[in-house]
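K.L.:
If you want the building blocks of each chain, they are given just below.
There are 4 protein chains.
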Amino acid sequence: MKANRMEAFSDGVLAIIITIMVLEFKLPEGHDWHALIELGPKILSYIFSFVYIGIYWNNHHHLLHMVRTMNGRLMWLNLLLLFWLSLVPFTTAWMGESHFAATPTALYGIILLLAALSYWLLQRAIVNQHSGDSAFVAAMGKDWKVKISPSLYLTAVLTAYVSPWISGVFFVLVAIIWFLPDKRIEYALRGR
Amino acid sequence: MKANRMEAFSDGVLAIIITIMVLEFKLPEGHDWHALIELGPKILSYIFSFVYIGIYWNNHHHLLHMVRTMNGRLMWLNLLLLFWLSLVPFTTAWMGESHFAATPTALYGIILLLAALSYWLLQRAIVNQHSGDSAFVAAMGKDWKVKISPSLYLTAVLTAYVSPWISGVFFVLVAIIWFLPDKRIEYALRGR
Amino acid sequence: MKANRMEAFSDGVLAIIITIMVLEFKLPEGHDWHALIELGPKILSYIFSFVYIGIYWNNHHHLLHMVRTMNGRLMWLNLLLLFWLSLVPFTTAWMGESHFAATPTALYGIILLLAALSYWLLQRAIVNQHSGDSAFVAAMGKDWKVKISPSLYLTAVLTAYVSPWISGVFFVLVAIIWFLPDKRIEYALRGR
Amino acid sequence: MKANRMEAFSDGVLAIIITIMVLEFKLPEGHDWHALIELGPKILSYIFSFVYIGIYWNNHHHLLHMVRTMNGRLMWLNLLLLFWLSLVPFTTAWMGESHFAATPTALYGIILLLAALSYWLLQRAIVNQHSGDSAFVAAMGKDWKVKISPSLYLTAVLTAYVSPWISGVFFVLVAIIWFLPDKRIEYALRGR
Chain C
1 MKANRMEAFS
11 DGVLAIIITI
21 MVLEFKLPEG
31 HDWHALIELG
41 PKILSYIFSF
51 VYIGIYWNNH
61 HHLLHMVRTM
71 NGRLMWLNLL
81 LLFWLSLVPF
91 TTAWMGESHF
101 AATPTALYGI
111 ILLLAALSYW
121 LLQRAIVNQH
131 SGDSAFVAAM
141 GKDWKVKISP
151 SLYLTAVLTA
161 YVSPWISGVF
171 FVLVAIIWFL
181 PDKRIEYALR
191 GR
Chain G
1 MKANRMEAFS
11 DGVLAIIITI
21 MVLEFKLPEG
31 HDWHALIELG
41 PKILSYIFSF
51 VYIGIYWNNH
61 HHLLHMVRTM
71 NGRLMWLNLL
81 LLFWLSLVPF
91 TTAWMGESHF
101 AATPTALYGI
111 ILLLAALSYW
121 LLQRAIVNQH
131 SGDSAFVAAM
141 GKDWKVKISP
151 SLYLTAVLTA
161 YVSPWISGVF
171 FVLVAIIWFL
181 PDKRIEYALR
191 GR
Chain L
1 MKANRMEAFS
11 DGVLAIIITI
21 MVLEFKLPEG
31 HDWHALIELG
41 PKILSYIFSF
51 VYIGIYWNNH
61 HHLLHMVRTM
71 NGRLMWLNLL
81 LLFWLSLVPF
91 TTAWMGESHF
101 AATPTALYGI
111 ILLLAALSYW
121 LLQRAIVNQH
131 SGDSAFVAAM
141 GKDWKVKISP
151 SLYLTAVLTA
161 YVSPWISGVF
171 FVLVAIIWFL
181 PDKRIEYALR
191 GR
Chain D
1 MKANRMEAFS
11 DGVLAIIITI
21 MVLEFKLPEG
31 HDWHALIELG
41 PKILSYIFSF
51 VYIGIYWNNH
61 HHLLHMVRTM
71 NGRLMWLNLL
81 LLFWLSLVPF
91 TTAWMGESHF
101 AATPTALYGI
111 ILLLAALSYW
121 LLQRAIVNQH
131 SGDSAFVAAM
141 GKDWKVKISP
151 SLYLTAVLTA
161 YVSPWISGVF
171 FVLVAIIWFL
181 PDKRIEYALR
191 GR
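Residue numbers (the numbering used here), protein chains in the order written: chain C, 1 to 192; chain G, 1 to 192; chain L, 1 to 192; chain D, 1 to 192.
Everything labelled a hint here was simulated from the structure, so no lab data went into it. A portion of the hints provided could be inaccurate.
For identical chains, the list gives no copy identity; a pair is met inside one copy or between any two copies.
Cut-off 25 Å, straight-line C-alpha distance, at most; resulting in silico cross-link-like pairs (SDA-like, lysine to any residue) [as the list claims (entries may be wrong)]:
1. K26 with A101
2. K42 with L77
3. K42 with L27
4. K42 with W76
5. K145 with L117
6. K26 with L114
7. K26 with L36
8. K145 with F48
9. K147 with L114
10. K147 with E7
11. K42 with L113
12. K26 with L80
13. K26 with E38
14. K147 with T159
15. K42 with V146
16. K26 with I166
17. K145 with V172
18. K147 with P28
Chain C on its own, in the form it takes in the complex (with noise of 0.2 Å):
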């Protein structure tokens, strides 16, 4: 039931968090297309932050649903993957003002790289309590998603100083791994 409960404030921040991002979009000061256009940089990256914080909403759901008992631990876990995807809207906001320069974008990465570690260490966490459960445990050992993404921000926040498009590339890798939930955690359940 407490699980229940951390999942729903997770979702009611990320809910908040997804919405509020476009309280940062300025009303262009025109009233034609051409106005738009230096809207363009922020809603691009709208669109990235709107898809990786679906993505977290997704698989957070996912995990929490691997909880066996809750504790302090796991509490300040999810809310320190929560401090670091709070942090998006305004790492959103200057990457967008900024029209991707390299420092802007590379703080986006930063966050988002934190918030990934965030995920891991919480994972690492609920895999913990299933430690009898060894198919369970190899399953999730398995998870290169994990793995692999916080290297490919840490590349994205390098190669932005480089170019942002490059910077784009890797942020968009990200992106299509993760853009399908979790099968194998999904397999583990119904396994049961």
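Given chain C, put chains G, L and D in place with the hints provided.
P.N.:
Then chains G, L and D, alone, in the frame of chain C:
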């Protein structure tokens, strides 16, 4: 259970969208009724959007109750719908601030058109889960509202360049035909 | 179940309304107590609105528990109520910023009056579902709070042009009579 | 059931408070790391508030599970707590923007002090519902955290005029002693 959670998340996003739109009302300069006049178009566009989001909230609820099995496809189609709706506070503010100028009004219609198309895709994906239940599929196939709305929005978009009043007629028209919840689905659900 | 969802949605909207009002507090110019003085009227009007929304949240909850069958009519009456309440952050900010000038104070009252009338319509529609239960209808018929509130708000609106202090007395009066939840409904519910 | 709904409403308010604080981060002027420096104090005060709200969310959850019968008194004490917490985004922004100047830091502590006192009142009202269960009352009577927090906040308020660093030590101290959920309540609940 998972459809339940998608519903709760969507509800949260819709509740936030409907409420933060008011944050776009800037405080009037003066302190008399005259000072409120320039808020007129903003309030009018807010009323439009409030009604549309209310309609989506209601019909979305009916629709999700038809979900048989949740999957990634439904989740992403639902997020696609929420994405377009999340842009409504922005287009509402721009349309109001511009006193229903042609392009902001057209953009307002385009976003609603894209939301309507996403809703239609979501509905289709859910109906496909009932492919064996020919009575249900037949009943849903008669859903002229979902089919006619995109054309009405498109007409509103195009006529925005003739006159915002003509465009407004089509916006009101869509609101009217959707005003009541989808009796057919309710009927089908009860018929079980 | 559907009344449940309407309740959850309304709760979400009320929670957002009550919280985003604080976003209207602009940061003071200085960093001493003196700089806070001009925030005074804003905080006072925030306290008023916080109490009113709290009262609505509480009574709305009691009211929705009386719903027998959900329908489009109830849903739209509920959305009408939420519409007026969604304007409260705006009227609160304007009233506070104007230091309780006549027109902003009157507008504040008008919006609350319209919310009160919507609440009364919603209550009536729900009571009508119990037309066979004459004891219940009789008990609800004695709901003097719902009947007297609109007149008190109207008086507050009109006296705003005499003095904000007199107007304020009537606003406080409504808050006081609604302060406690509706014992009669609670009593009727238990009596079953 | 009603305590359940109060919990859901409180969760919603806390989720919004924790998320909208980020809206106070203004976009930096430049697009390099240097431009982020002035955000430092804002982010530091955000971290403080995030941790405090997280602590309240967690302990509030434990506390509400002890409620035996809901009544107007509990509801209003809960709203009083939420009222003070709803001011946290404002005091957080002012403290950060002032670079931890004396008065904003003191006000930050005062609001947290008032929240702590409200929490203590709420806890007392709930403990009183268990007056027959002397073991429980005795266990709760030993709740030194709730008793000591107001004095620590008060010290933080007063020392803010000596040095923000000393004040900060006391803020950190309260966070540390509350960091873990109240094991005693959890223990008492299990012991049943």
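K.L.:
Against each hint, give a clear statement of whether it holds in the structure.
P.N.:
Verification of the supplied hints:
1. K26 with A101: Both ways: K26 and A101 sit 19 Å apart in one copy and 17 Å across, limit 25 Å.
2. K42 with L77: between (30 Å within a copy, 23 Å between copies)
3. K42 with L27: Both: 12 Å inside a chain and 13 Å across chains, each within 25 Å.
4. K42 with W76: Answer is between: at 22 Å across copies they meet the 25 Å cutoff, but 32 Å inside does not.
5. K145 with L117: Within one copy only: 12 Å inside, 32 Å across.
6. K26 with L114: between (28 Å within a copy, 22 Å between copies)
7. K26 with L36: Both: 10 Å inside a copy, 21 Å across copies.
8. K145 with F48: Intra 18 Å, inter 32 Å, cutoff 25 Å: intra-copy only.
9. K147 with L114: within (13 Å within a copy, 36 Å between copies)
10. K147 with E7: within (23 Å within a copy, 31 Å between copies)
11. K42 with L113: Result: close both inside a copy and across copies, 21 Å intra and 21 Å inter.
12. K26 with L80: between (30 Å within a copy, 23 Å between copies)
13. K26 with E38: So K26 and E38 pass the 25 Å test inside a copy (10 Å) and across (19 Å) alike.
14. K147 with T159: within (20 Å within a copy, 46 Å between copies)
15. K42 with V146: For K42 and V146, neither the intra-copy (28 Å) nor the inter-copy (31 Å) Cα distance is at most 25 Å.
16. K26 with I166: neither (28 Å within a copy, 28 Å between copies)
17. K145 with V172: within (14 Å within a copy, 36 Å between copies)
18. K147 with P28: neither (41 Å within a copy, 33 Å between copies)
Hints 15, 16, 18 from the earlier list are contradicted by this structure; the remaining hints agree with it.
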